[in-house]
Amino acid sequence: MADAHSGRGARAARPLSPHLQIYTMTVSMASSIIHRITGAALYFGSALLAWWLISAAISPAYFDYVASWFQTWPGKFVMLGYTWALLHHMMGGLRHFTWDLGYGYELATIDKLCWASAAISLTATALVWYYVATNYGSV
Amino acid sequence: MNMRTPLKTARNLGSAKEGADHFWKQRVTGVANVALGLFLVWLIASLVGADYATVKAKLANPVIALALLALVVSGTLHMRLGMQTIIEDYVHGEAAKIVCVMLNTFFATAVALACTFAVLKISFGA
Chain V
635 MADAHSGRGA RAARPLSPHL QIYTMTVSMA SSIIHRITGA ALYFGSALLA WWLISAAISP
695 AYFDYVASWF QTWPGKFVML GYTWALLHHM MGGLRHFTWD LGYGYELATI DKLCWASAAI
755 SLTATALVWY YVATNYGSV
Chain G
98 MNMRTPLKTA RNLGSAKEGA DHFWKQRVTG VANVALGLFL VWLIASLVGA DYATVKAKLA
158 NPVIALALLA LVVSGTLHMR LGMQTIIEDY VHGEAAKIVC VMLNTFFATA VALACTFAVL
218 KISFGA
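Residue numbers (the numbering used here), protein chains in the order written: chain V, 635 to 773; chain G, 98 to 223.
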């Protein structure tokens, strides 16, 4: 109530602190954003793991039905994305552990760690899917 | 006229007495998830295209079932803490924030219970 008379309600048009689009995108900034996005993706993707496990606990018919979804192209795309999200979030986590322990704060090192986590996660994802494709014929 | 000191309204609104609890649990589960996440990638990769009997037999293996249960516990704790941070960063309305944080707990718990129930049911051969 007191605020109604204090002048706080009507804000003067003062300059705002810079928003996202003002900053130049750096690799550490991109890594931070991607770490959060992959984390959120893994969060919702966990329901797929639950769905798959539950299907195996219900019946062969329902398991085959769920498995058939993962065999579709959208299903495969989600699995590929999940593999990468998991590995990328994992590499991001290892990067954060490094920082938590007090290492790797030189600017050049920060950039290297970020590029390395991206490179490792992409390579590892490719390796996993290459392994699956070569050992099981169809992905 | 308000005779109360400002301390009256500030009392009990300070620290939640949780300290670094959230931070530390996020780290502990994160460390565990490095190994358990690699295990999950291996498990799924080894079961691509496998039939029902093969999948069920593999999931019923005690070592694999235990690792899966560990992943489910550590993973759902980790994702609940992580999503709570995201919610607290972006949802500013007090009521909406409380609802979102609560739904977050429900979702993480539902995933944890579903996975745990499935693994146990498969393991005990029902």
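Keep in mind that a hint or two might mislead.
What the hints assert, rightly or not - Subject to a maximum C-alpha distance of 20 Å in a straight line, what follows is the list of computed EDC-like cross-link-like pairs (lysine to aspartate or glutamate):
1) Lys710/V <-> Asp148/G
2) Lys122/G <-> Asp698/V
3) Lys710/V <-> Asp698/V
4) Lys122/G <-> Glu191/G
5) Lys155/G <-> Asp734/V
6) Lys218/G <-> Asp734/V
7) Lys218/G <-> Glu115/G
8) Lys153/G <-> Asp734/V
No lab work stands behind these hints, which were simulated from the structure alone.
Hints, one by one, checked against the model:
Proposed proximity of Lys710/V and Asp148/G is supported: the alpha carbons are some 17 Å apart, at most 20 Å. Between Lys122/G and Asp698/V the CA atoms are separated by roughly 37 Å; this puts the pair beyond 20 Å, and the hint is violated. As the CA atoms of Lys710/V and Asp698/V are separated by approximately 15 Å, the hinted pair is consistent with the 20 Å bound. As the CA atoms of Lys122/G and Glu191/G are separated by approximately 25 Å, the hinted pair breaks the 20 Å bound.
The straight-line distance between the Cα atoms of Lys155/G and Asp734/V is roughly 37 Å, outside the 20 Å bound, and the hint therefore fails. For the hint pairing Lys218/G with Asp734/V, the CA-to-CA distance comes to about 39 Å; that exceeds 20 Å, so the pair is violated. Taking the CA atoms of Lys218/G and Glu115/G, the gap is near 36 Å; set against the 20 Å cutoff, the hint is violated. Distance check on the hinted pair: Lys153/G and Asp734/V sit about 40 Å apart at the alpha-carbon level, beyond 20 Å; violated.
When held up to the earlier numbered hints, the structure conflicts with 2, 4, 5, 6, 7 and 8 and fits the remainder.
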